[in-house]
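*Asks:* Construct all of the structure, not just a fragment, from the sequences and the given hints.
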Amino acid sequence: MTLDEKLFLEDNVELPSGLFTNKRMGSINLPPQLNSAKDWVLSKRESLRPWQEFGAYNRASKPANIAIISRRVSHNVTYYYTNYAFISSLLVIYCIISSPLLLLAIVVSGTACYLISTQKEGKTLNIGGHTFTPKDQAVVCACISLPLLFFASAGTVIFWVIGLTCSVVGVHASMMQLPNEDGTEFEMNESV
Numbered sequence: 001m002t003l004d005e006k007l008f009l010e011d012n013v014e015l016p017s018g019l020f021t022n023k024r025m026g027s028i029n030l031p032p033q034l035n036s037a038k039d040w041v042l043s044k045r046e047s048l049r050p051w052q053e054f055g056a057y058n059r060a061s062k063p064a065n066i067a068i069i070s071r072r073v074s075h076n077v078t079y080y081y082t083n084y085a086f087i088s089s090l091l092v093i094y095c096i097i098s099s100p101l102l103l104l105a106i107v108v109s110g111t112a113c114y115l116i117s118t119q120k121e122g123k124t125l126n127i128g129g130h131t132f133t134p135k136d137q138a139v140v141c142a143c144i145s146l147p148l149l150f151f152a153s154a155g156t157v158i159f160w161v162i163g164l165t166c167s168v169v170g171v172h173a174s175m176m177q178l179p180n181e182d183g184t185e186f187e188m189n190e191s192v
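Residue 95 in the working numbering sits at position 95 of the sequence shown, and the numbers go up by one each step.
Keep in mind that a hint or two might mislead.
As the list claims (entries may be wrong) - Keeping only pairs whose Cα atoms sit at most 30 Å apart, straight-line, the calculated DSBU-like set for lysine-lysine is:
id : residue 1 : residue 2
1  : LYS120    : LYS38
2  : LYS123    : LYS135
3  : LYS135    : LYS120
These aren't lab readings, by the way, just hints derived from the structure by calculation.
Keep in mind the model is a prediction, meaning the values are calculated, not measured.
*Replies:* Pasting the structure below:
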């Protein structure tokens with residue numbers, strides 16, 4: 001089986017079997033935080049619906065009333081949850097990449113927080129005769145990061161992504177018919 005066949009088996013992207021192993025290095029040992037993140041991603045990947053089903057616009061129709069919209073949104077949001085989360089993630093990545101100042105602010109803030117969190121307990125930092133405990137370092141990091149993120153328009157990006165995601169999810173979820181919906185709201189049974 002070729003790599004292309006492995007990647008696109010049954011319209012779902014599959015991870016190659018040796019993705020987290022290397023013959024020379026053996027298995028990649030990830031930190032516990034990344035192992036749990038990897039497990040979470042793999043579990044969510046299983047609930048990802050095929051994109052052909054997600055984008056099947058032959059199933060799209062204008063809802064007749066608010067009750068149908070409510071049923072459709074309730075069902076489709078739970079059914080396509082992972083697809084919607086993936087679209088939201090792509091929007092966040094696009095916003096971060098398209099704003100170099102925001103990217104720089106996130107890298108600087110993230111690096112500072114990571115360096116502070118990986119210090120051994122009780123290790124202090126001496127600068128200019130002042131001693132900073134890890135708690136003081138976290139406060140200084142926050143005092144520097146928050147204005148930096150403010151000037152990089154992180155708040156605007158957050159609200160833009162939330163607004164666009166709600167719009168896309170709302171339109172898609174309300175337009176996609178339910179699996180048992182055939183265009184009529186009620187079934188009529190005639191019994192004589």
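*Asks:* CA of LYS135 to CA of LYS120, is that 30 Å or under?
*Replies:* holds, 12 Å
*Asks:* LYS120 and LYS38 were given as a pair; does the straight-line alpha-carbon distance stay at or below 30 Å?
*Replies:* holds, 26 Å
*Asks:* Between the alpha carbons of LYS123 and LYS135, is the straight-line distance 30 Å or under?
*Replies:* Answer holds: LYS123 to LYS135 is near 10 Å, not above 30 Å.
Checked against the numbered hints given earlier, this structure breaks none of them.
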